[in-house]
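**Q** Sequence:
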Amino acid sequence: MDLKEAIKKRSSIRSFLDKKPDEKIIHEIIEYAHLAPSAGNMQARDFIIIDDDNTKRKLSLASLNQEFVYEAPYDIVVCANLDRISSYGHRGKDLYSIQGSAAVVEHILLLAVEYGLGTCWVGAFNEKKVSEILDLPSQVRPIAIIPIGYPRKESKSTSRIDTKKLIHYNKW
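Residue numbers 1393 to 1564, in the working numbering, belong to the letters of the sequence shown in order.
Don't read these hints as lab results, they were simulated from the structure. Treat the hints with caution; some may be incorrect.
[To be verified] Calculated lysine-lysine pairs in the BS3-like style (CA-CA distance at most 30 Å, straight line): (1) Lys1556 / Lys1521; (2) Lys1401 / Lys1548; (3) Lys1400 / Lys1557; (4) Lys1545 / Lys1563; (5) Lys1411 / Lys1545; (6) Lys1557 / Lys1401; (7) Lys1548 / Lys1563; (8) Lys1400 / Lys1521; (9) Lys1412 / Lys1521; (10) Lys1545 / Lys1450; (11) Lys1520 / Lys1396; (12) Lys1545 / Lys1400; (13) Lys1416 / Lys1521; (14) Lys1400 / Lys1548; (15) Lys1545 / Lys1396; (16) Lys1411 / Lys1548; (17) Lys1396 / Lys1563; (18) Lys1548 / Lys1520; (19) Lys1545 / Lys1416; (20) Lys1416 / Lys1401; (21) Lys1401 / Lys1545; (22) Lys1521 / Lys1396; (23) Lys1485 / Lys1411; (24) Lys1520 / Lys1556; (25) Lys1396 / Lys1450; (26) Lys1450 / Lys1412; (27) Lys1412 / Lys1548; (28) Lys1412 / Lys1557; (29) Lys1563 / Lys1485; (30) Lys1556 / Lys1401; (31) Lys1416 / Lys1548; (32) Lys1396 / Lys1411; (33) Lys1416 / Lys1400; (34) Lys1450 / Lys1485; (35) Lys1563 / Lys1450; (36) Lys1411 / Lys1400; (37) Lys1412 / Lys1520.
Owing to the predicted nature of the structure, the values given are computational and were not obtained by experimental measurement.
Let the sequences and hints guide you as you build the complete structure.
**A** In structure tokens:
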């Protein structure tokens, strides 16, 4: 599958089959996602793979009761590692770590399409609760939860604003 096709096929999946993808696929997705750019090549991100039902249930509750976080066979939590970006000061911790993590998330979403898997980028969660559930050290911040598995059904593409309305040249 070429990149343009993966981009067009990618959609948010919120219902998963009770069929677990091979863990090797999850690891391979993360390997390629880790090739995403990062400020100064500091690679200030870490990944937590969750397949434990109890932990997924807790994450689901911390994610504003989004049941599909529990339903997915795996959840991947992408975390910003603030120690690894600390040489950039506040801008590194407040911006670069988020940007690098977001690039990784997008890579995961697109790679999953290639494997026939569905994902959803979950950013609506209680950060403090997720940190406690995952026993994150203070210098690690959860940025996104990505439920991943085989989609229960094909999703339909959503409409987009015409790019002509979004593009500006030289200034607003």
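**Q** Now tell me if each hint is right for this structure.
**A** Against the structure, the hints come out as follows:
no.	hint	result
1	Lys1556 / Lys1521	41 Å, violated
2	Lys1401 / Lys1548	9 Å, holds
3	Lys1400 / Lys1557	20 Å, holds
4	Lys1545 / Lys1563	43 Å, violated
5	Lys1411 / Lys1545	13 Å, holds
6	Lys1557 / Lys1401	23 Å, holds
7	Lys1548 / Lys1563	35 Å, violated
8	Lys1400 / Lys1521	34 Å, violated
9	Lys1412 / Lys1521	26 Å, holds
10	Lys1545 / Lys1450	25 Å, holds
11	Lys1520 / Lys1396	37 Å, violated
12	Lys1545 / Lys1400	16 Å, holds
13	Lys1416 / Lys1521	29 Å, holds
14	Lys1400 / Lys1548	11 Å, holds
15	Lys1545 / Lys1396	22 Å, holds
16	Lys1411 / Lys1548	22 Å, holds
17	Lys1396 / Lys1563	29 Å, holds
18	Lys1548 / Lys1520	34 Å, violated
19	Lys1545 / Lys1416	23 Å, holds
20	Lys1416 / Lys1401	23 Å, holds
21	Lys1401 / Lys1545	13 Å, holds
22	Lys1521 / Lys1396	37 Å, violated
23	Lys1485 / Lys1411	38 Å, violated
24	Lys1520 / Lys1556	40 Å, violated
25	Lys1396 / Lys1450	36 Å, violated
26	Lys1450 / Lys1412	19 Å, holds
27	Lys1412 / Lys1548	23 Å, holds
28	Lys1412 / Lys1557	42 Å, violated
29	Lys1563 / Lys1485	28 Å, holds
30	Lys1556 / Lys1401	22 Å, holds
31	Lys1416 / Lys1548	28 Å, holds
32	Lys1396 / Lys1411	27 Å, holds
33	Lys1416 / Lys1400	25 Å, holds
34	Lys1450 / Lys1485	27 Å, holds
35	Lys1563 / Lys1450	46 Å, violated
36	Lys1411 / Lys1400	25 Å, holds
37	Lys1412 / Lys1520	29 Å, holds
Comparing the model with each numbered hint stated earlier shows that hints 1, 4, 7, 8, 11, 18, 22, 23, 24, 25, 28, 35 do not hold.
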